[in-house]
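Peer 1: One-letter residues, chain by chain:
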Amino acid sequence: MLTAAVAHATNETCGAAEQGAQAHADTLRVLTCGSVDDGKSTLIGRLLHDTRFLREDETAALARDSRRWGTTESEPDLALLVDGLDAEREQGITIDVAYRFFVTPRRSFVLVDTPGHEQYTRNMATGASNADVAVLLVDARKGLLDQTRRHAAIVSLLGIRHVLLTVNKIDLVGFDAAVFEAIAAAFRVIAEPLGFLSVTAIPVSARYGDNVVTPSARTPWYGGPPLLALLEAIDLGGATQAKPFRLPVQWVNRPDLDFRGVSGTVASGRIGVGDAVVTAASGRITRVERIVTFDGDLPEAVAGDAVTLTFAEPIDVARGDLLADPKARPAMTRRFLANLVWMAEEPLKAGRRLLLKTGGTTVSATLRHIMHHLDVTTLAPHPADRLALNDVGRVEIETPMPLALDRYADNHDTGSFILIDPATHATLAAGMAVETLEAARDVHRHPTLVKALDRARAKGQVPLVVWLTGLPSSGKSTIVNLVETRLHALGHHCAILDGDTLRQGLNADLGFGAAARRENVRRVGEVARLMAEAGLVVLVALVSPFRADRDRVAARFPEGRFLEVFVDAPVEVCRARDPKGLYAKADSGRIVGFTGHDQAYEPPLKPALVLDTGREVPEISAARLAELVHARAVPTAANSFDSANL
Amino acid sequence: MREVVAEFARPVMLYSVGKDSSVMLHLARKAFFPSRPPFPFLHIASGWDFRAVLDHRDRMAAAYGLDLIVHTNDEAAASGVNPFDTAVGEYSRLMLTDALKAALDAHGFDAAFGGGRRDEEKSRAKERIFSHRSADHVWDPRNQRPELWRLFNTRIARGESMRVFPLSNWTEFDVWDYIRAENIPIVPLYLAAERPVVKRGNALLMVDDEARMRFLRGERTELRNVRFRTLGCWPLTGAVDSAAVSIDAMIDEVRASRLSERQGRLVDGAEHASMERKKREGYF
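One line per chain: the protein sequences are P and L, in this order. Going letter by letter, the first sequence gives residues 301 to 946 in the numbering used here. Going letter by letter, the second sequence gives residues -1 to 282 in the numbering used here.
Because the hints were derived from the structure by calculation, they are not lab data. Since this is a predicted model, take the numbers as computed values, not measurements. Treat the hints with care, as some may be off.
[Stated by the list, open to error] Straight-line alpha carbon distances no greater than 20 Å define the calculated SDA-like cross-link-like pairs of lysine to any residue that follow:
hint	chain 1	residue 1	chain 2	residue 2
1	L	K28	P	T936
2	L	K28	L	R253
3	L	K124	P	Y420
4	L	K28	P	Y420
5	P	K759	P	T936
6	L	K28	P	E600
[Unchecked claim] Going by beta-carbon spacing under 7 Å, a handful of chain L positions derived as facing chain P:
hint	residue
7	R116
8	N151
9	D207
[Claimed, not checked] Beta-carbon label-pair distances, calculated as ranges:
hint	chain 1	residue 1	chain 2	residue 2	range
10	L	G106	P	S498	45 to 55 Å
11	L	R57	P	K649	54 to 64 Å
12	L	S132	P	M701	29 to 39 Å
13	L	S132	P	H672	33 to 43 Å
14	L	R57	P	D575	46 to 56 Å
15	L	G106	P	E902	35 to 45 Å
16	L	S132	P	H788	36 to 46 Å
17	P	L445	L	P38	45 to 55 Å
18	P	S664	L	G157	17 to 27 Å
19	L	P38	P	K649	39 to 49 Å
20	L	D134	P	G811	51 to 61 Å
21	L	R215	P	G596	32 to 42 Å
22	L	S132	P	Q541	57 to 67 Å
23	P	D575	L	E158	36 to 46 Å
The beta carbon of each residue, even a glycine, is placed where N, CA and C say it ideally should be.
Throw the hints in and build the complete structure from the sequences for me.
Peer 2: Have a look at this one:
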């Protein structure tokens, strides 16, 4: 028992106040699912009672409570051991996930109890995410219900691989072997497509204790061990240790100038001194120099160990980074497919902005697309445009920056995420990554030796991107040319990215639909970023009519290194200028989807500068903009070269 | 613990000096090693704390260089609130719950670690590891966030706070086994020694300060070998007869005991589901 507690403790020491991790075999986390009527609370009470984990005063309280609330008349109602909150007791149901503990000489157990009423999906998903095995309860008199199918499906979706089908109230069917066999056989059919590693059926009577802790003489036809013995024997197989090394960085440990380490709990795999690790986001590889703990340095750490690593060559690692095995890296992706369990009253629709937390990182994310809704009874997909409370569905999610993710099926720790409401901070959904959409899975960023910072120093300027957006013919190209002339005279090294010019080369393959415009803006954004990394002041002149597209580019730059400038001229003025005759062509129907004609333009909400070219001559606008850019590009205390590291 | 330090502006660790707090302190020292725990430790002193508890607290603070904050509801104490005359529930609300809220507000702490465990009491089985509190420290059992995997939603609005219970999934046995395995210093009161006590009803109360003890008619101080299973205010905490002078012997006794640890606390028995109500008010 000592070993159990110690393993428990090393695990929880630093690991973010975590649930007992999957990694250590001494503690088994058991999800119990079934409805109140199936006798689930009684079964849990029976386990606690018969493993003598109850104390006399608790038993006395039980007897008192049984008289007041109990439904079993003369005997103590074991179900009351499990209920806790006042309101729940009055309703006679459990309303949340509850954790109970008991120990046997073989193992420690955490019972994760989830209720079987209308919030079942949300609560079951929460419970299942913190469990290793599932006990599925059915009432022998009723057999398999839709609810049983749902429980099995959710358990499977959350990646639990061992199921114990507990056929309860076997006393009420006269300990009939045929009833039990029929239920067990029917369940095997259901479980077949769900990918469980083991499915075991047990006939029990929770009320009288048959086959719960001790074998029952009343089921001579059942040759197997009782439920507790089965739980004690389940082997999780150290699966997380066999997986590739992952360590989400929780905290940078810096007690003084001489020590710099990164702290976190090994999520999977193992790591030894001298092993190479890669920072997923930057692609930088270094070697582990020391594995530091309070009890001395370790030669090796495995899944579940909370450690602090130091590296042979100092690398830039921050909270939120994921350290990984360079030979088996996670995907770096901005777009991915995931299964979601939606937990909020308000339905989820495409376009919703959310916060996404995975590992130690929280980023903004956009729900791009709802692919389908899963029927949780059959796991069959149905087309859907929204997910309601307790729905499960497949969605596409996009983030402004690449995210390090594994598939949930490969790694529960680095493939899971939660979605948070940016306004209320409520937890809205549980997510499991299914696959990445960008081809980035096998393509990893190649870090350069000379950094953006070094190039900026060589140029003597702090690079930035100045993005001019506005209607066609509003004066963007004219202004960037004048601005470059002025900045050049001040000693700045600039580059111009002009939308029309780029459409003749880089973007010659793109049309003018919304998707093509989005891609156009994305490419120009990427080129601007490369140029800024090269140390340049980049002047972009691009209609870029959609706010979301521009925001996505802006999100690729640090604060202050991307200036959005709104070239604001009334459409009548642009139409009157029309130097390229485009408005005329659009009017005659020869161009469709022309911004300012039949295509809307979304002005910036918070531009760094507005140039009213309807009232102001281009030279004045250019002078104002050049002044602003110069102030931002000249190295000063406020504009340090450090900010050049994009 | 690292998660909290990384995500909150001003965390604090509640330090009651009891066994759970001792484990928490030890874990904090381990979690941030070689750094020192990067937060202060807050002790809510009622003025009726065991002297041995205060000694131990000061010794730990000195040995480990802790940033220790001690807070007492002086106003209530001055107005005559004491564990003898004030009803138990009222006393604990004023001297513990209110004092805690005032201290958290005064220092602007946005996250507070507590040593609470889910096995302590039935209603705690459902407590979150990260428990969200409104700006008034109120806990709403219907508005708690689901805790999925090890991904804790640490977002709060200005003025709100989080109570964090890293030992949620530990049991009383785990705590003792860990204290023994790691050799963690604990208050000597947990081990048996000859101590002055009076018998009141079924409880053995220790006379920690004879001058302030209120004796009932016929009560006499006697010396008995006792130890404590939990440590609260000395006039409100029952001792048990024990010969366990070593931690091994004590753990054997605890294991064999047929009574739960809260049984020694006079405050819990006060009314049905009293923990539940205290928790909503902001007790730990």
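Peer 1: Now tell me if each hint is right for this structure.
Peer 2: Now the hints, each set against the structure:
Annotation: proposed proximity of K28/L to T936/P is violated, straight-line Cα distance about 42 Å (limit 20 Å). Distance hint between K28/L and R253/L is unfulfilled; the C-alpha atoms sit about 27 Å from each other, more than 20 Å. Distance hint between K124/L and Y420/P is fulfilled; the C-alpha atoms sit about 16 Å from each other, no more than 20 Å. A distance of roughly 38 Å separates the Cα atoms of K28/L and Y420/P; the hinted pair therefore is violated under the 20 Å criterion.
Between the alpha carbons of K759/P and T936/P the distance comes to roughly 14 Å, so the proposed pair stays at or under 20 Å and holds. Restraint check: the Cα-Cα separation between K28/L and E600/P comes to about 17 Å, which is no more than 20 Å; the hinted pair holds. For the restraint placing R116/L at the interface with chain P, the shortest Cβ-Cβ distance is roughly 5 Å, inside the 7 Å limit, so the hint holds. At a threshold of 7 Å, the smallest CB-CB gap from N151/L to chain P is about 5 Å, leaving the interface hint in force.
Checking D207/L against chain P by beta carbon gives a least distance of about 29 Å; that is not within 7 Å, so the hint is violated. For the hinted restraint 45 to 55 Å between G106/L and S498/P, the CB-CB distance of approximately 52 Å keeps it satisfied. Hint check: R57/L to K649/P, Cβ distance near 59 Å, so the stated range 54 to 64 Å holds. Between S132/L and M701/P the C-beta distance comes to about 33 Å, which sits within the given range of 29 to 39 Å.
The supplied range of 33 to 43 Å is met by S132/L and H672/P, whose beta-carbon atoms lie about 38 Å from each other. For R57/L paired with D575/P, a C-beta distance near 41 Å fails the hint of 46 to 56 Å. Between G106/L and E902/P the CB atoms are about 41 Å apart, so this pair conforms to the stated range of 35 to 45 Å. Between S132/L and H788/P the beta carbon distance is about 58 Å. The supplied range of 36 to 46 Å is therefore violated.
L445/P and P38/L have their C-beta atoms about 54 Å apart, which keeps the hinted 45 to 55 Å range intact. Evaluation of the 17 to 27 Å hint for S664/P and G157/L yields a pass: the beta carbon distance comes to about 24 Å. Separation of P38/L from K649/P is about 45 Å and conforms to the stated range, judged on CB atoms against 39 to 49 Å. Between D134/L and G811/P, the C-beta spacing of about 57 Å keeps the proposed range 51 to 61 Å intact.
In this structure the hint that R215/L and G596/P lie 32 to 42 Å apart at CB is violated, the actual value being about 59 Å. About 42 Å separates the C-beta atoms of S132/L and Q541/P, a value inconsistent with the hinted range of 57 to 67 Å. Between D575/P and E158/L the Cβ separation comes to about 42 Å, which falls inside the hinted range of 36 to 46 Å.
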